[in-house]
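The listed protein sequences correspond, in order, to chains H and F.
By the count of the numbering used here, the first sequence reaches residue 125 at its end, each step adding exactly one.
By the count of the numbering used here, the second sequence reaches residue 327 at its end, each step adding exactly one.
Since the hints were derived computationally from the structure, they do not count as laboratory data.
One thing to keep in mind: the hints can contain errors.
[Stated by the list, open to error] Short derived list, chain F residues pointing at chain H, Cβ under 8 Å:
id, residue
1, 87
2, 180
3, 318
4, 320
Even for Gly, the Cβ is constructed at its ideal location relative to N, Cα and C.
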Amino acid sequence: MERDDLIVNDSYSLDAHHSEEAGVKIRKNVYFVTVLLTAITAVEVAMGIIFKRAETYTWEAIKWTFIILTLVKAGYIILSFMHLGDERKTLKYTVLAPYLLFIVYLIFIAFTEGWGHLESHTLYH
Amino acid sequence: MSGHSNDNVSSKELWGGGISPYSVSYGKMMMWFFLVSDALTFSGLLVAYGFSRTASESPWPIGEQVFRALPGLDGEYPLIYVALMTFILIVSSVTMVLAVEAGHRNDKRGVVRWMLATIIGGAFFLGSQAWEWSHFIHGGGGMFTLAKEVTVTDDHDESHILPKGTAIYMDHHFGALAEPYNDGDKSVVLEEDHGHVKLVQYGEHTHEAELHDLTINKYVVGEAHIHGDDAVKLWDAREKGAMVFGANMSENEYAIQQTYANFFFFITGFHGFHVFSGVVINFIIFVMAYRGVFERRGHYEMVEKVGLYWHFIDLVWVFVFTFYYLI
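Whole structure, please, built from the sequences with the hints as guidance.
As structure tokens, this is what we get:
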């Protein structure tokens, strides 16, 4: 049977190797990203414990801080851990475009409809 | 690094046929496409959660007040257990990256070692999630509703006028005996003595719990504690036979609606199912690596593909953690 991970004249899988020295540098970067993700999570948890929802006037700011920190974490996981940052630009866009297009709109429409739903309930019992 | 992705190949050649336009193998590309579709599924669930929550008329429970238990300990540790679970999953993602990196150096022993660490991390996460579910279902002491309006003063000397139907929450020591008492278990007896209310269960071992601490707004904004005579006043004004403990298919103690509990089980359950399948797949690839299948093949790309799935699971958890527990 034909092996489909060895494309004729081009073996993407076999060529994905690196040397021991390059490996040390790569591992150091992995540890750095790990510490960064742990630190961001610790900050998020501390904020979650200290700030109670709606009892502080700056809840909007805190909520957006959570969302931004989460997006930063997601970015590091996708680009660094999943190595998407090392892939071709076209693959990067193919993977990320659905989020930037669909999800942002989905989130917007979900909250808009949610508010509309709530308002219609409270106005017209 | 990653093979040919940085090569300078002309656009015409890339899309001219015969080679991969993304400069990745077929298997890796399909794994990415699957992850995109699965991520859209989870996004759909989270957006539905956002919609339901925005449209909810009753107050939505606060994460750090619902999830504040640690297994085996008595006090209050808001969000600590969930933070620990998040950390475990991140660490298992890191060990997976290290397994892939070892594969890129054809280091079979490294791959085996790091994959084993990933599997163990995943198993710990699954066990922790199982405990979370069990604790959520069991509840934190249950609640009863008021049969009439009562005015009480809380711990901070603030007065509260509680209308009929307000949920009053019991602590888990008292609640543990209130549940059989509410169900009509004859072995549990209510004893009142100089304004002290006690539930006593007679049997081989005698268990007793005194009514110390009742809570109002336990899971939402404005949580307050009621002690002493006012607590007895609330207990005496309870709606008999209408107590709720934990969460089940028709009612739960966390909110008036079932939506919060429903989404908790669905989203974390769907995610947990992915973790479970991830652990199984990781184990299969671990065995294959150990038996030298990839060594003979000449590359560890299978480890990389499975690693992508595992990182995706971690990624979803990062979002679930933020939107369900934190915000």
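Each hint tested on the structure:
Restraint check, residue 87 of chain F versus chain H: the minimum CB separation of about 7 Å is within 8 Å; hint holds. Hint on residue 180 of chain F is violated. Least Cβ distance to chain H is approximately 34 Å, over the 8 Å limit. With a least beta-carbon distance of about 5 Å to chain H, the hint placing residue 318 of chain F at the interface is held under the 8 Å criterion. With a least beta-carbon distance of about 10 Å to chain H, the hint placing residue 320 of chain F at the interface is violated under the 8 Å criterion.
When held up to the earlier numbered hints, the structure conflicts with 2 and 4 and fits the remainder.
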